[in-house]
Structures are given as C-alpha cells and as structure tokens.
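Listed below are the residues making up each chain.
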Amino acid sequence: MQRLGDFRLPPFFNYPPYFTLQPVRETREKQVQLWKDLILDYCRSQKIYIISLEEDFPLFSNPKIERSLSHEAKEVFLAALVNEGRAEWMDKGHKKCLILWLRIQDWANYILNFVKDNGLEDNVMTVEEIRSGIETRGTELAGIDRGVLMRALKLLEQKGKAAIFKGSSADDEDAKENPAL
Amino acid sequence: MPVVGVFAILRMEQEAWESAGQNLQDAFQDLNASFLSTTKCSNDLIISACKFSKAKEMMELAEKMRQKLLTNSSAQSNSNDEELGSKQDMQDWLLSVGIVSPVTKETAGALYHQQLSRQLADYISIPLEQAGGMMALVDVYCLYNRARGTDLISPEDLLQACSLWEKFDVPVMLRKFDSGVKVIQTKTHSDDEVFARISSLAQKADALKKGISPSDAAFTLGIAPGLAKEHLQNAESIGILCRDVSPDGLRFYINLFNEIDPQNIYL
Chain A
-15 MQRLGDFRLP PFFNYPPYFT LQPVRETREK QVQLWKDLIL DYCRSQKIYI
35 ISLEEDFPLF SNPKIERSLS HEAKEVFLAA LVNEGRAEWM DKGHKKCLIL
85 WLRIQDWANY ILNFVKDNGL EDNVMTVEEI RSGIETRGTE LAGIDRGVLM
135 RALKLLEQKG KAAIFKGSSA DDEDAKENPA L
Chain B
7 MPVVGVFAIL RMEQEAWESA GQNLQDAFQD LNASFLSTTK CSNDLIISAC
57 KFSKAKEMME LAEKMRQKLL TNSSAQSNSN DEELGSKQDM QDWLLSVGIV
107 SPVTKETAGA LYHQQLSRQL ADYISIPLEQ AGGMMALVDV YCLYNRARGT
157 DLISPEDLLQ ACSLWEKFDV PVMLRKFDSG VKVIQTKTHS DDEVFARISS
207 LAQKADALKK GISPSDAAFT LGIAPGLAKE HLQNAESIGI LCRDVSPDGL
257 RFYINLFNEI DPQNIYL
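Listed in order, the protein sequences are those of chains A and B.
Going by the numbering used here, the first residue of the first sequence is number -15, and it counts up by one from there.
Going by the numbering used here, the first residue of the second sequence is number 7, and it counts up by one from there.
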C-alpha cells in the first residue's frame, strides 16, 4: 500500500488516467468525485486547511508513475469542492483554496458537543486555548484554522449559544460557550 | 513421349498463363506508346484510338482473370498458404491494373458525379472489405485514382461522389468523425465489433500497465494510425477507455473509474 506520510493512498492513485482531466462527461464526473473525496480525506487526516495552487501539494502528484495534475485539473477539482460548499476560494485569482472538511455549521456543532462533553458550559476560553490548549488536544479542534474557528464561533453567537469578547489587542479574543442557552 | 496426367494439366495451365502474360505485356507496350503520343500531339482522337486498340483487350483480359480468381477462391477453400499468397499478389496486381472504363466528364456529361459515385461504390467494395470495413477518404482517393491510371479525379469530385451515396442504394457510406476526419465504411460495418477488439486489446497485461497509443492500436487492428486514433476516441466517448496525457504523449487505458466504489476506495 502506497502512503503519503501516514496517509494511506487508494490503489487508483497509481492509475495514470486519474491524473489527466477526462474530457468525457460521465468519466469526468466520476473522476471529480474521487478527487473530491480524496482531497477532503487527506486534508482531514493531515489537518490541512489551505491548498495553494501555486505551490507543490503532495497529493497532486505521484512520482511513482511520474504523473501530476495540471493547473487546470487542480482548479476543476477544487472548484467542484467549492460548488458543494466544502471549500472556498480565498482570492479572486483562485490561487488559494480553503478546504472545509467540516462545514462551518459542522464545526459549530462540533464545538458545542466538545463543550458539552467536557463540562465546559459557561466557561470562558480564549481562541488560542481552543486552537492549542490542553483541553482540545487530540480533538479535531487542535490546530484549527483561526479563520474557520472564528466563523464557527460567530455562527454560534448568532444563534445565542456563545459570546465573543473582544480583548484590547487583536489576538486577545475570548469566546464563552454556553450551549445551555 | 506423350504428356499425360496431372503434369499435362499443369503444363497446359502454365502455357495459358504465359500467353496471357505475353498479351498483357503487349498491351502495356501499346499503352506506353499511347502515352508517348499524348506528349507529342494533342489530338484527342489519336489518343483514344491508341487506347482502344489493345488497352481494351487488356482490360477485358484482366477482368476475366479476376473473375476466374474469384470463382477459384470460392471453390477451393482448402488451398495451401503458397497459393493464397500468390492469389493475394494477383489480386493486388489486378487492383493496380484498374478500372475497365472510368467515368469521365466527357463520357458522362451532366451525370458525371452520379455515375462516378456508382462506379466508386462498385470499385471500392473489395478493397474496403480487405481493409476491415473502413478506410480513410485520403486512402480511397489514392487507390481510386491509381486504378483509373489516367483521367484522374479531383478531391472535390471524390467528395461530391461520396456524398451522393446517401441518395443511392449502395453498400458503402461516407462518415465524418467528430474530429472532422472523413472515412468511408461499409453499411454493415459496426462500431461494436471494433469496440470489442479495442476493449480486449486494452485489457492485456501490458496495456493495463502502460496503456495503448494510437499506433499500438493501428498495429493490432491493422488500420491507419489516424483511423485508429478516431476509434480510440470513439471508444473513449462511450466510456470504454479513458485518456492519459503525459510527456510520453496521449495514451488510452481501459476505463476503471466506474469500477471504483467511492465508499470503499481501498479495495
């Protein structure tokens, strides 16, 4: 089994046509589906939030069979994720893509469950504590992209399930979760 | 000592062939002479007079031989390889001898394209069968003009003649691929058969690993590389194959995308 770091690659990763954008519609749909799933799985396992099209991304090339995705192919596969709400372009030039292996809504629910499971209701946590604190270690929240976390928290705030306190400096923001409300 | 038995028959055959060959040689010489006279004088009457003297005999002879050959090949199905080889040579040779009375603008007048169309359909059916039911229009053009020998037709005339086939009840048809390549094929020619062959070709151990290039397919299917590429692309468009573009060029693989289960990608 071929691996990329500790990520197990599927057998079709060695199938050369997988790396060529297929011109026939039905074949391409299937190919795009396989790429979407693989990108999400890989990003989730490696905790990757941002894919830059300008830089080498390990998943987009296979040195073993000497194939790699063209720029157009990368854009097509990522655009398919964007269409499904599983990714967002971070700039107009489509150079960077934010991968949401959990949607913002799912992140919000995940935070709520995390708070409930750990009895942290009515507690105040700083954003940095959520991202790299002891409590979140070993959960999906560890190392979460700051932008994604803030959007999830804002969603919770809108629903009245959390409150964000602004500190005096930019990186001093506190979040208080209150799932009971 | 009188010659009897099988040997006698063989010798009679031999003599018959030799005299036929002599006739043909004479005829060719006559033709050569007629070409020479063409260059010297521009009088049409003289040319046609020359042509009709022995050329017609020769054509008749060739036609007779062809008929004989055809009946022979159908009568003896258990002939050995050598005979088959010489028959093949004979066929090729007869094809190059050409057409008994080519349709020309002078003989057909306003019906030129119509008659050309019919003659072309008659003529092309045999080489078409030999080529596996499909030929590129370019090859047809060369072959047909070679058979005519003189009074060559223009590509436009050929195209017009081919497009008239739709109106007639002929066993051949003009076909245009999506890429714009034009071919002629027999009406009974089916793509399914070609697809089946391509599919089995693409599933050989070597092809599974490295894919097939248009020239591989051309080699195996015995057709022109341009035509083979069309077949491969057709097979791709119905999902039998998929492509791989790499620095090595365009190659085709058997389409495995539909075999992969998205729920269990590690199978």
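Note that these hints are calculated values from the structure, not bench results.
Be aware that a few hints might be false.
What the hints assert, rightly or not - Computed Cβ-Cβ distance ranges for the label pairs, DEER-style:
hint, chain 1, residue 1, chain 2, residue 2, range
1, A, D75, B, G232, 20 to 30 angstroms
2, A, R9, B, S206, 20 to 30 angstroms
3, B, D254, A, Q30, 24 to 34 angstroms
4, B, S243, A, D75, 28 to 38 angstroms
5, A, E13, B, D198, 46 to 56 angstroms
6, B, E199, A, Q30, 25 to 35 angstroms
7, A, Q17, B, K188, 28 to 38 angstroms
Claimed, not checked - Calculated from the model, a selection of chain B residues having no Cβ within reach of chain A, i.e. all distances over 10 angstroms:
hint, residue
8, G115
9, D163
10, L165
11, P177
12, A202
13, S252
14, R257
15, N264
C-beta: ideal position from N, C-alpha, C; glycine also.
These are the hints, each one checked on the structure:
Roughly 44 angstroms separates the CB atoms of D75 of chain A and G232 of chain B, a value that falls outside the hinted 20 to 30 angstroms. Checking the proposed 20 to 30 angstroms range against R9 of chain A and S206 of chain B shows it holds: the Cβ atoms sit about 25 angstroms from each other. Between D254 of chain B and Q30 of chain A the Cβ separation comes to about 31 angstroms, which falls inside the hinted range of 24 to 34 angstroms. Take S243 of chain B and D75 of chain A: their Cβ atoms lie about 36 angstroms apart, and the range 28 to 38 angstroms holds.
For the pair E13 of chain A and D198 of chain B, the supplied restraint of 46 to 56 angstroms is violated, since their beta-carbon distance comes to about 24 angstroms. One distance hint, 25 to 35 angstroms for the beta-carbon pair E199 of chain B and Q30 of chain A, is violated here, with the actual separation near 49 angstroms. Taken as a hint, the range 28 to 38 angstroms holds for the pair Q17 of chain A and K188 of chain B, whose Cβ atoms sit roughly 37 angstroms apart. Residue-level check passed: G115 of chain B sits 48 angstroms from the nearest beta carbon of chain A, beyond 10 angstroms.
For D163 of chain B, the condition that its CB be more than 10 angstroms from all CB atoms of chain A holds, with the nearest at approximately 36 angstroms. At roughly 29 angstroms from the closest C-beta of chain A, the C-beta of L165 of chain B stays outside 10 angstroms, upholding its exclusion from the interface. Distance to chain A confirms P177 of chain B as a non-interface residue, since its nearest Cβ pair spans about 32 angstroms, more than 10 angstroms. Every C-beta of chain A lies more than 10 angstroms from that of A202 of chain B, the closest at about 19 angstroms, which supports listing it as non-interface.
The beta carbon of S252 of chain B is not kept farther than 10 angstroms from every beta carbon of chain A, the shortest such distance being approximately 6 angstroms. Taking the minimum C-beta to C-beta distance to chain A, about 7 angstroms, the non-interface status of R257 of chain B is violated against the 10 angstroms cut. Here N264 of chain B does not stay apart from chain A, with its beta-carbon only about 6 angstroms from theirs, under the 10 angstroms limit.
Checked against the numbered hints above, the structure violates hints 1, 5, 6, 13, 14 and 15; every other hint is satisfied.
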